[in-house]
Amino acid sequence: MNILALIKQVPDTSISLKINAGGADIEYRDILWVINPYDEYAVEEALHIKERHGGSVTVVSMGPDRTADIIRSSLAMGADEGVHVKDAIFNGSDAYSTALILSKAAALLGFDIILCGKQAVDDGWGQVGPALAEILNIPSVSSILKLEISEDKKIAAATREVDEGLEMVEVSLPALFTVQQGINKPRYASLPGIMKAKKKEIRILDAGALGISPNEIGREASRVELRKLSYPPERKKGKILQGDSKTATGELVNLLRNEAKVI
Amino acid sequence: MSVWIIAEHKAGIITDGTLEAISAGRLISALTGGKLSAAILGNNLDALADMLSGTGINDIYLLDSPLLSQYTSDAYIAGIEPLIKLHKPFLILMPSTCLGRDLAPKLAARLKTAYLSDVNSIEMTGSEIFFSRPVYGSRLVSTLTCSGERPWIVTIRPRAFEKTEAAQKKAKTENQPVHISPSSLRTVIKGFEQTQKGAGLTEADIIISGGRGMKDAENFKMLGRLAKILGGVVGASGAAVDAGWMPHSAQVGQTGKVVSPKLYIACGISGAPQHLAGMSTSKCIVAINKDPDAPIFKIADYGIVGDLFEVVPMLIEQLKK
Ligand SMILES: Cc1cc2nc3c(=O)[nH]c(=O)nc-3n(C[C@H](O)[C@H](O)[C@H](O)COP(=O)(O)OP(=O)(O)OC[C@H]3O[C@@H](n4cnc5c(N)ncnc54)[C@H](O)[C@@H]3O)c2cc1C
Ligand SMILES: Nc1ncnc2c1ncn2[C@@H]1O[C@H](COP(=O)(O)O)[C@@H](O)[C@H]1O
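Residue numbers (the working numbering), protein chains in the order written: chain A, 1293 to 1555; chain B, 567 to 887.
Source of the hints: derived by calculation from the structure; they are not laboratory data. There may be inaccurate statements among the hints.
[What the hints assert, rightly or not] Listed next, with one range per pair, are the computed distances between beta-carbon atoms:
#: 1; chain 1: A; residue 1: SER1505; chain 2: B; residue 2: THR691; range: 28 to 38 Å
#: 2; chain 1: A; residue 1: TYR1320; chain 2: B; residue 2: HIS745; range: 42 to 52 Å
#: 3; chain 1: B; residue 1: GLY757; chain 2: A; residue 2: GLU1443; range: 13 to 23 Å
#: 4; chain 1: B; residue 1: PRO813; chain 2: A; residue 2: GLU1508; range: 35 to 45 Å
[What the hints assert, rightly or not] Calculated pairs, DSS-like style, for lysine-lysine (alpha carbon to alpha carbon, straight line, at most 25 Å):
#: 5; chain 1: A; residue 1: LYS1553; chain 2: B; residue 2: LYS828
#: 6; chain 1: A; residue 1: LYS1553; chain 2: B; residue 2: LYS864
#: 7; chain 1: B; residue 1: LYS756; chain 2: A; residue 2: LYS1438
[To be verified] Quick look at which bits of chain A chain B covers, simulated, 3 or more residues with Cβ under 8 Å:
#: 8; region: 1350–1357
#: 9; region: 1458–1466
#: 10; region: 1478–1487
Keep in mind the model is a prediction, meaning the values are calculated, not measured. Glycine included, C-beta positions come from ideal geometry on N, C-alpha and C.
Please take these sequences and the hints and turn them into a complete structure.
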């Protein structure tokens, strides 16, 4: 089983972010970068499948130099290979172009299963996985909470989250899955794992290696243009309701009924 | 310049998310002067067409086939792609639900056109349409434009638009031929397990959430009682879900559900950025927490500093009056 886990580096989810002087991007100074939380589940699931069915796990990430950090931390968790998709001409690619670039990498590396996160928590598109499946012409299942591979490794049974509950589906491999929170608990890297990962060579794939021409990707080819970032409107200052519980809750009910008019 | 809605329906009813997407569609049609059309995919659609008819839509296209009785992206795309190529709408809207967020990016990739998910406001300046959506876990808002081949495909965030108002005019309904070859369907649906009624958290008007301060699973029953009185549903923080007190599907936040109810009551939740990412756009926020410095109070409209085990039962009592 050749399993690819696609991972993206995103700003830490707890820090506040500033908009840069250009107004259409964030200020990159002082940012702590982490692996997209959903992608950590993807790596864990990939390792889990390998442990049960054999094969190898390759993590693939597109991004600038700093992206090597999350590739290395995934190697430390136990991934066999790390691939860094990197080229200056990839800058500014929208999610579709990103999927296009990653599709070339996937085709080059070969795969039976591709795992992606449900969405990246920075841009929140939730597009790269489904678009990648479409470009590769393989079936995909979104937002999965459980994955089982048949003994002959030909069929995957997935449980996916839908609005009112859970849906059980089957697809033939090769296929792509996007993983939802709850599917597993990512393991911590072991010390030997960390040591081994340090020595591992990360394979770099650039536009030349992938056979991508500049006019297919990057800012120019983007169908979506980010024009402006802004801060969300500030909420108006709230009221702390004083007095004992009885007084405070009485006042709360009154305010909810007559001021906010929400009950 | 026509705008299309792909209507979502459940148990024979057009969903609220669809009625909200129609509102967004009416807004754009009013600005561009284009027609508004809707496509309904499924099996036995006449009653659904009647429901959509008086919502301000000009044309309704019915794609009626047993192969569409359950959603699979393969069947839906096979059904709708020829129709899109024939009519060439410039924009397709659908609700940002599990279905929409699966279908829309695949359809856009198939057509090689722009895709925007989770849009919560739309404006027009000159001839350009600006779409806004939350990014970085609702810490920032991005405003975007689309270009290139059409249709651009957009999912609309639940509760960002009001449900569409009834319109005088009735829509013209047309049955469309559906050609789907069963052998082209790659996903086979094996089963379904209902865990909640309706869309649950994402479409709820009132949400009562509990966090680590709830102390155990049993105490969530108290929030259930409060939710019942208010006609709401119960949600949870990441900490409460990690502790196993509530299922993952109830988690609100960055890696959980993003919600925008009329009323959000946070009980024993500190207000970590990852939690705020999921609920900070709620219309009215109430915080009940014993720590006066808890960050949740910074975004709450009403706060009660106190022990939730005293405050919540008292609140239930006051509401019964
Ligand atoms: C990558 C990542 C993703 C995450 N995603 C999410 C997410 O989607 N959703 C989410 O919620 N979190 C998420 N988290 C976790 C988040 O950082 C916080 O740890 C979590 O939100 C804290 O939950 P809490 O407020 O219930 O617990 P705490 O922060 O421990 O707060 C408990 C609060 O309860 C109060 N309290 C205790 N006892 C009482 C009492 N008797 N009466 C009144 N008040 C009381 C305390 O004063 C305290 O403020 C994520 C974290 C990471 C790193
Ligand atoms: N630059 C990237 N490199 C590798 N994988 C990515 C990249 N961007 C997105 N992905 C994958 O696609 C998923 C969805 O991303 P998005 O469509 O941006 O929300 C992520 O969770 C990753 O699994």
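Verification of the supplied hints:
1. Checked against the hint of 28 to 38 Å, the pair SER1505 of chain A and THR691 of chain B passes, with Cβ atoms roughly 34 Å apart.
2. TYR1320 of chain A and HIS745 of chain B have their C-beta atoms about 50 Å apart, which keeps the hinted 42 to 52 Å range intact.
3. For GLY757 of chain B and GLU1443 of chain A, the hinted distance range of 13 to 23 Å is satisfied, since their beta carbons lie about 20 Å from each other.
4. Between PRO813 of chain B and GLU1508 of chain A the Cβ separation comes to about 43 Å, which falls inside the hinted range of 35 to 45 Å.
5. In summary, the hint linking LYS1553 of chain A to LYS828 of chain B is supported, as the alpha carbons are separated by about 9 Å, within the 25 Å threshold.
6. Restraint check: the Cα-Cα separation between LYS1553 of chain A and LYS864 of chain B comes to about 21 Å, which is no more than 25 Å; the hinted pair holds.
7. Of the supplied pair hints, the one linking LYS756 of chain B and LYS1438 of chain A holds, its CA atoms being roughly 14 Å apart against a limit of 25 Å.
8. Coverage of the region 1350–1357 of chain A by chain B is violated. Counting CB-CB distances below 8 Å, 0 residues qualify, and the rule asks for three or more.
9. Note: the region 1458–1466 of chain A has 7 residues with beta-carbon separation from chain B under 8 Å; the three-residue rule is met and the coverage holds.
10. Residues of the region 1478–1487 of chain A with a Cβ under 8 Å from some Cβ of chain B number 0, which does not satisfy the need for three, so the listed coverage is violated.
Hint compliance for this structure: hints 8, 10 are broken, all remaining hints hold.
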